[in-house]
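Protein chains in written order, with this note's numbering: chain R, 546 to 1040; chain A, 546 to 1040.
Incorrect hints may appear among the rest.
[Stated by the list, open to error] Some chain A residues near chain R, calculated using beta-carbon distances under 8 Å:
(1) P572
(2) L691
(3) S744
[To be verified] Derived coverage of chain A by chain R (criterion: at least 3 residues anywhere in the stretch with Cβ under 8 Å from a Cβ of chain R; other residues may be distant):
(4) 597 to 603
(5) 998 to 1004
No lab work stands behind these hints, which were simulated from the structure alone.
The C-beta atom is built at its ideal place from N, Cα and C for all residues, glycine as well.
Spelled out, the chains give:
Protein chains: 2
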Amino acid sequence: MSSGPAAGPVRRSREVSRELRQRAGFPSWGLFTDLYQLTMAQGYWQEGLAERRANFQLTMRRAPFGGGFAVFCGLGPALEAIEKLRFEAAELDALAALRDAEGGSLFRDEFLSALGGQRAAVDLWSPDEGEVVLPGEPVVRVEGPLLQGQLLETAMLNLIGYSSLVATKAARIAWLAAEGDPVLDFGLRRAHGPDGGLSMSRAAYVGGCSSTSNVLAGALWGIPTAGTHAHSWVLAHDGELESFRAFARSQPGNCTLLIDTYDTMAGLENALIVAREMRDRGERLRAVRLDSGDLEELSKGVRARLDEAGFEAVRIVASSDLDEHAIVRLKAAGAPISLWGVGTSLAACRDDPSFSGAYKLTSIASSTDESEALWRPVSKRSEDRFKRSDPGRLQVRRSFDGEGRLRQDTVYHLAGDGPTRTGRQRDLLRRQVLQGERRSAAESLGSLRERVRRAVAALPADLRAFEVGAEVLEQRVQFDESLQRLRRAVAPPPS
Amino acid sequence: MSSGPAAGPVRRSREVSRELRQRAGFPSWGLFTDLYQLTMAQGYWQEGLAERRANFQLTMRRAPFGGGFAVFCGLGPALEAIEKLRFEAAELDALAALRDAEGGSLFRDEFLSALGGQRAAVDLWSPDEGEVVLPGEPVVRVEGPLLQGQLLETAMLNLIGYSSLVATKAARIAWLAAEGDPVLDFGLRRAHGPDGGLSMSRAAYVGGCSSTSNVLAGALWGIPTAGTHAHSWVLAHDGELESFRAFARSQPGNCTLLIDTYDTMAGLENALIVAREMRDRGERLRAVRLDSGDLEELSKGVRARLDEAGFEAVRIVASSDLDEHAIVRLKAAGAPISLWGVGTSLAACRDDPSFSGAYKLTSIASSTDESEALWRPVSKRSEDRFKRSDPGRLQVRRSFDGEGRLRQDTVYHLAGDGPTRTGRQRDLLRRQVLQGERRSAAESLGSLRERVRRAVAALPADLRAFEVGAEVLEQRVQFDESLQRLRRAVAPPPS
Chain R
546 MSSGPAAGPV
556 RRSREVSREL
566 RQRAGFPSWG
576 LFTDLYQLTM
586 AQGYWQEGLA
596 ERRANFQLTM
606 RRAPFGGGFA
616 VFCGLGPALE
626 AIEKLRFEAA
636 ELDALAALRD
646 AEGGSLFRDE
656 FLSALGGQRA
666 AVDLWSPDEG
676 EVVLPGEPVV
686 RVEGPLLQGQ
696 LLETAMLNLI
706 GYSSLVATKA
716 ARIAWLAAEG
726 DPVLDFGLRR
736 AHGPDGGLSM
746 SRAAYVGGCS
756 STSNVLAGAL
766 WGIPTAGTHA
776 HSWVLAHDGE
786 LESFRAFARS
796 QPGNCTLLID
806 TYDTMAGLEN
816 ALIVAREMRD
826 RGERLRAVRL
836 DSGDLEELSK
846 GVRARLDEAG
856 FEAVRIVASS
866 DLDEHAIVRL
876 KAAGAPISLW
886 GVGTSLAACR
896 DDPSFSGAYK
906 LTSIASSTDE
916 SEALWRPVSK
926 RSEDRFKRSD
936 PGRLQVRRSF
946 DGEGRLRQDT
956 VYHLAGDGPT
966 RTGRQRDLLR
976 RQVLQGERRS
986 AAESLGSLRE
996 RVRRAVAALP
1006 ADLRAFEVGA
1016 EVLEQRVQFD
1026 ESLQRLRRAV
1036 APPPS
Chain A
546 MSSGPAAGPV
556 RRSREVSREL
566 RQRAGFPSWG
576 LFTDLYQLTM
586 AQGYWQEGLA
596 ERRANFQLTM
606 RRAPFGGGFA
616 VFCGLGPALE
626 AIEKLRFEAA
636 ELDALAALRD
646 AEGGSLFRDE
656 FLSALGGQRA
666 AVDLWSPDEG
676 EVVLPGEPVV
686 RVEGPLLQGQ
696 LLETAMLNLI
706 GYSSLVATKA
716 ARIAWLAAEG
726 DPVLDFGLRR
736 AHGPDGGLSM
746 SRAAYVGGCS
756 STSNVLAGAL
766 WGIPTAGTHA
776 HSWVLAHDGE
786 LESFRAFARS
796 QPGNCTLLID
806 TYDTMAGLEN
816 ALIVAREMRD
826 RGERLRAVRL
836 DSGDLEELSK
846 GVRARLDEAG
856 FEAVRIVASS
866 DLDEHAIVRL
876 KAAGAPISLW
886 GVGTSLAACR
896 DDPSFSGAYK
906 LTSIASSTDE
916 SEALWRPVSK
926 RSEDRFKRSD
936 PGRLQVRRSF
946 DGEGRLRQDT
956 VYHLAGDGPT
966 RTGRQRDLLR
976 RQVLQGERRS
986 AAESLGSLRE
996 RVRRAVAALP
1006 ADLRAFEVGA
1016 EVLEQRVQFD
1026 ESLQRLRRAV
1036 APPPS
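Just chain R, same shape as in the assembly (with noise of 0.2 Å):
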């Protein structure tokens, strides 16, 4: 079968997607940061620290949504930024050309020709892409240099940040309100710019939708692509009835007919003579989907008209501002939809739009070698617990009840004793990055996306809930006695 201008059989599709991904080209990974990331760089090499051994970690103060978990997802690109992050001459030069506000420069040459030579050459652990976390815990810990370390804290709030929270919201839509129903990522067109949009359709993937409208998401990864028709299809033609027929002439295969361009039970009985044309012809109508009015309604009144007319295996797709509460709201009153299209409420998470994530330096060591390290637990002073962020090197210790299902999270300092080991129990935080090289190859997004599946079946009741109280979390997420020791002991220092 040919295709156009490359004649001959169609590539297999992993080599297109090699192919459009070897286009993609991010200007650069080592100016992928915040300024004071490298003046800050710039001193602890002048003060000779560069190279101490620290430790950050990156802790989710709360869970998104108001929720109880969230879906920690992203760590595949920011183990790429990891492995890219390079300062070549492009990099050094636009430094170079940096002043400060006295008119000198902002970087000494000494200092750019070491920057020159720096790799992420750091360890990092963090729980396995697609495991669900709980607030309050550190969900990636990076040691290495000080130097390195303190670099990669805008990347990873980045990429970590905006992926987990997308991921959390496809899977409270998919696994916790749809139940399994199939959910199309809409959100494309909501998107922070081009790029953006493949982060979004990545993590909605990932969290629980079943197909991305991004036919781009689709080619790089292999995401099931879907979609139907928009308005303008209707308007483009000279009515919806024979809008509809030429969508199902054009589509036999894959024909849903969205019916509320002008009236929807109207638009429904136009559906109804080119699903029976079809089914003269041996197609078959797949959907018809509403995007518009009262949904629970429509859907009831529309179900009713198919099933009378004998179309019991058509399906109603909905979309319109959905998100996991208006989907528990349809089901709840038993609206007959099987598929459910969202999009402003995955790209734009906008009922919580930002991860509520922060990378601090939490211990540092008196020495640049890992061997001899002595460490120095240490934490910013805050009245907000939720500001607060624990000193030390942390671990968590997930404990699982005799069905396998999540029982408690227990935060330690990995130089105490740790957790007492009883029952089923599993460290969360793994070392996915040893001197900045990834572990382990990356996995595919079907995959994360079944760990995902299985992390939230595992979740119990109180933690499944939209809303999850303080109690709640008091209960499931405990800090080892060696942490509080630890929150007690790291006063601030002497001035």
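The hints should help you fit chain A onto chain R, whose structure is shown.
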């Protein structure tokens, strides 16, 4: 001055920007779309409608953040997407691999061959980038072959929507709240991925921010970069005073100290010690930064102490969940803050995170030939006036009072007589693209920013309010009689 590997004189910033821009690559502008645009495109092509001349309009349904205006932003990236739209072998192979629900090819070979030759050879009218637009107005009008106008929907919404949202937020913060005080964009870490961060910083600067922490955005577009240091700088040292001394040594020409790591007023005393030491060396402490706590109380206390100690010139920078409302409150309370750092409110636009835009087919011609086109205005029926899209090919006439202030916008239908010409008026939508070619060179971000400043200054007081009621908008945005007649006339066609 040498700078690392590239020994020799520092290259000019413009050359470095060019090299960095050349590294940027988006995998595919052709596939940067929702699947349904392509299935509709195939349908139009099969029906012989692909070349039919069509008019699409992107309408801003309501102004973001409850206000009365938006800053029109993102035109530059949108024009790039139009110019670069291509379907080469990789795109066509990716589409050829897609299957419909029956397992057949979603796209026919003949269609893909035809798609291979497609460009976006459309005409595009819009305001110049950086103009203000009012709710209910068309902000982009695309006229050209039906297939091409349809393919551009997703890109136009994605590229104009988020940029306009961020630029509007930045304008409210910088021009309406901070009243010209420098506003620093710290939003990169909360943006939607690396490229989302670039979109964000570009729009934030155009909208009114004076500098960005985003080093790459600075290097690509010459946006001034700024930054201080993080709490980690203090925590990495053996005491706050020592850390301040080290920072002053490292950044003598650019020294702002973050004083809230342990206790703000005690931190200020350490900063004062360093300020005196700097003064003795002929340097000067430029500012102290507050990032937590009660900013009004702290800034007043810090100001009084700085003045008392003879450091009247040391300024106060504040950050910590700031937005336009917080800045206005602080200024009204007399908080002596001179520079404002904003992050999450810019990047995530927390109080209204998606642009309310719709891109609709609004008129379709009887012919493929522009000169012979008989236009049929169309619109989707909707009870909801915010979901209504006006039919026709529309233009906006903007009128000004004697002082050059915006008096009124009138949306009118091009086929009618247009509003009566009186006083100072001009049409807002200009032809930016002719047959797919942009008509003027890209403008510098600095000139776009200046256009925003002037446009916001020329708004009447009622449109500059943070919350603008419907009665103001009904007065300021008129719909010409020609358009009102058209609305009444465009009834659903017979099915």
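Status of each hint after checking the structure:
Interface restraint check for P572/A: the shortest CB-CB distance to chain R comes to about 4 Å, inside 8 Å, so the restraint holds. With a least beta-carbon distance of about 6 Å to chain R, the hint placing L691/A at the interface is held under the 8 Å criterion. Given the 8 Å rule on beta carbons, the hint for S744/A holds: about 4 Å separates it from the nearest Cβ of chain R. Only when three residues or more bring their CB closer than 8 Å to a CB of chain R does the claim for the segment 597 to 603 of chain A stand; here the count is 3, and the claim holds.
Coverage of the segment 998 to 1004 of chain A by chain R is violated. Counting CB-CB distances below 8 Å, 0 residues qualify, and the rule asks for three or more.
Hint 5 from the earlier list is the only one contradicted by this structure; the remaining hints agree with it.
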